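Chains Z and F, in that order, are what the protein sequence lines are. Per our numbering, the first sequence starts with residue 3, numbered consecutively. Per our numbering, the second sequence starts with residue 4, numbered consecutively.
FYI, nobody ran anything at the bench for these hints, they're computed from the structure.
No more than 27 Å apart at the CA atoms, straight line, and that leaves these computed lysine-lysine pairs for DSSO-like:
(1) Lys192/F x Lys237/F
(2) Lys125/Z x Lys311/F
(3) Lys269/Z x Lys311/F
(4) Lys58/Z x Lys120/Z
(5) Lys15/F x Lys215/F
(6) Lys119/F x Lys427/Z
(7) Lys136/F x Lys256/Z
(8) Lys125/Z x Lys49/Z
(9) Lys146/F x Lys427/Z
(10) Lys146/F x Lys260/Z
(11) Lys123/F x Lys158/F
Sample of chain F residues with no beta-carbon within 12 Å of chain Z, all distances over it, derived:
(12) Asn19
(13) Asp124
(14) Asp182
(15) Phe190
(16) Lys215
(17) Leu229
(18) Lys237
(19) Lys241
(20) Lys329
(21) Ser375
(22) Gly376
(23) Arg381
(24) Lys392
A quick note: this is a predicted structure, and the numbers were derived from the prediction, not measured. Note that beta-carbon positions come from the ideal geometry of N, C-alpha and C, so glycine has one too.
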Amino acid sequence: MAKEIGKDKFGSFYTGGKVRSRREWRGVKDTLYDYSRWLYIMAQLGKFMVKPRNVKGFFRYRWMSNYLAVPMMVDRFSQGLRGPQLRILHEEFDIIVYDVAKLLDGLFRGDRHLGNDKAYSDKVVLLDENEMTTFMMGFPTLKGLSRETPAAYVSVLLNQHAAERYIDVAQEFGLAGDVCPMPETEAGISIADDFPVLGACAVQCNTTCDGSLLGNGVISKRLELEEGIPCFQLGTPLRHREDDVQEYAANEMKACIKFIEEHTGEKWDWKYYFECMHRVNIATRSRQEWLDMNKTDYPQVVGGNLALYTETNYMAISGKVDLFRKADEKITKIARKAWEDKVMVAKEYRHRAIIWGVQSHFYMDFLVWILNCWGIVPLTDMLSMINTRIFAETDTPENREQAYYDMAWLNENMIMRNRTHGGYKVLLDELWEFCEEFNADMVILWEHMACKALDGMHGQFEEKAREKGIHLIWVNHDLFDPRITSRQGVRDQVNQYMRTVLREEPLDPSLEILDDDKSW
Amino acid sequence: MRDLKHLYELEKLLLNVSNDYISAAQQEGKLCIGTVCDNVPEPLLNLPGCFSIRLRAPRTGSMEIGTYYMTNFLCEYTRALLERAIEGGFNFLDALIAPDGCSMLNRCVENMELLKTMKKDHFFNEFMEIPMKADDNGLFLYKLQCTNHILKPLKEHFAIDISDDAMRQAVKEHNRVCDLIQEIGQFRKADNPVITGYEFHILTLATYVMPKRDIIPILEETLEELKTREPDEKSPWKVRVEFVGSEVDDSDIIKAIEECGAYVCADRFCYGSFPGRTRIEMSDDEDPLTAICRKYMYDCQCARMMNKDKILGRRQYVADLAKEYKADGIIYEQMKFCDPWAYERMVGTVVLRQDYGYPVLSVDRPYANGGSGQMRTRVQAFVESIEIKKLAKDR
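Generate coordinates for the entire structure from the input sequences, incorporating the hints supplied.
This is the structure in structure tokens:
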């Protein structure tokens, strides 16, 4: 047990079972702090479980059992972190856990299978999982709830095997096995009738990809035709950098808001919208400041601390929760101080890497692994390279009209799709610009095998990386399904490159091969 | 039955991407505008001075270079097109207009652009945004995209006349082709039809890959020929099927199905006659661009269209065709690795079976599939299952 970063042999923590042998010793101060946050998480879970309907939820929904792994997930993401990075992580995870618990509580409260609170359900708008929630920024009294987030997205973060059952359900129903397993899982949950049923209406979108778009068709069939919940399909242009699609996108936003008003009886509130947009701008400025620090020799908000929080805050929150503003400000303060003090995130930095492509969802803590095992600093990732615009936040007639364009812009620039769609420039050309800006010598390219938009540029990535002299490590995976490529399979691809091409030895050799196939 | 006069010539023509009709038209100074998807309105590429062709890669063998650039997880159609482009197979094109229809086609054409596969100095690429919903806002977008990415570039690069009169002329020619194909297609409704599904597909396919003015006389002559063509004394078909799904430019697959005793009486796929060869209704009160875009948007049966009316409408369309053309069963197909049709095939199969009561065979397939024994086995089993159902019903 060691206080200093890099002294522990993290590989020895793995037992071959679901949980690890012990929690990490980080020195007295950091361990006590870490333990206090562990207690906080247990308190959140306890508070959630006090309500009988939530206990029922554990038995009604198969995916709920994954939530037993929440403390373990936080431990996985915090491996090796000390001082400011540990505090940044807990700032983020505290509110993410709180937010997901609140989301689950809301879903079960209105769920026809459980709480069946009709008055509450009538104020719920169901949201797609991969959807910017900007169109909810003017509805303070409505609840925008995503069923897919806790059932599919968070479940796989908690337990790598969480989606397998639903992938199999979809394929048994006749779905081809070569589609993206994310919408496939969501379709499988719907087919298996394993979603809570509630809401006055639902808004679906095409923001992710062809698979996600079509998966929504399966879900809307059940929602609209069987459960009587009207769905709006929000059409979002694919070529989002083009001027000639913006008016269409703004019109879609207007139609979406009108649809919600009609089905909930609520009216759009401009005051609340501009408040939310003010918070969106704070989040953008904060993120930009963190990224600016990461361009220097002393990056501070890196890896999972950047990726997971950005996804949540940018897409699911979109300025609607003030707690996230407070967290943004606190994280910035911690990071700024750490940067001034020239704090190192790991014992040694060997490579500065941009993480590109669509990350393996069942192994999001891979970013901590590359840092601890090989000294590769994940400076930023594709999903964090999102909007940089600052939007109007004062209520004027002109700004109200502009607001539809701003919301549409954010919607078009949802995480991931702002890079996987919109022409090759945003995916390919801008990567090399970021390499230069961040002074990166390496790109770790997640190749999600079912992501057609990404795979379609494979050869171009290869050729350009060679031309620019950047180390390009392909990491192949199947997003939600570790049966196709396991976590060790993911690690092996990095290990092989590091050993055979770069002829390097790992910083922590115990992490090179891990027995974590069954691990949460 | 006696062979159709033009069949052999068309079969031969379809073995290559380019053909004598394209060369002749280009020698006259006409420009060849390629596209890769049904979502690009064809009449706008057939304005006076230019003509359209839909790209295909017949006789595809190796796709190794296409696979290197796009991995083996993208559908073979897109890999085959890229491979053919790299080989120089599309060098005769003067422009290529691609829609951001599906990610794979988009990436395919983007790779062509990055690799500069087309060599003519004046060659240009354009990418269009196509609405995913059929409504007024979608129509607004469609028109804007056609103006900015087809009409203006054609005018600026090649001084093509993009006036309303020019568009009306192109639609008139387009409608003539559609009317002829539809009239020929009517023969498929007979119990003992005078045209096979394979022959019909050859004729339809040819309309996509050669100048319209050249195919019209061939179709006219074939129509007359069919009016007097004697069918075989006894119908060779055991059952009638509707063939539904994504891109099919390999007529051998239709042939293989028919060799198993299943007559392909209706075709609902890209490169087929529904909805690709149904006429565009024009009126004097409306500008032709609006009429063209409306037709393409509301009649589009592509799985990427996401609004509820479209989703439900696609299955109704298949059921209506099956009823009209007296299909005993439906074959839902998708090209392997096609995301949109993977989902559409799954749901369509269930809905057509459960809600409409049709026997459905659900298959995925590679791009060029004609000789596939696996496909034949599955169709044979499907034919037998329908026959058994028929026998049980008769009893």
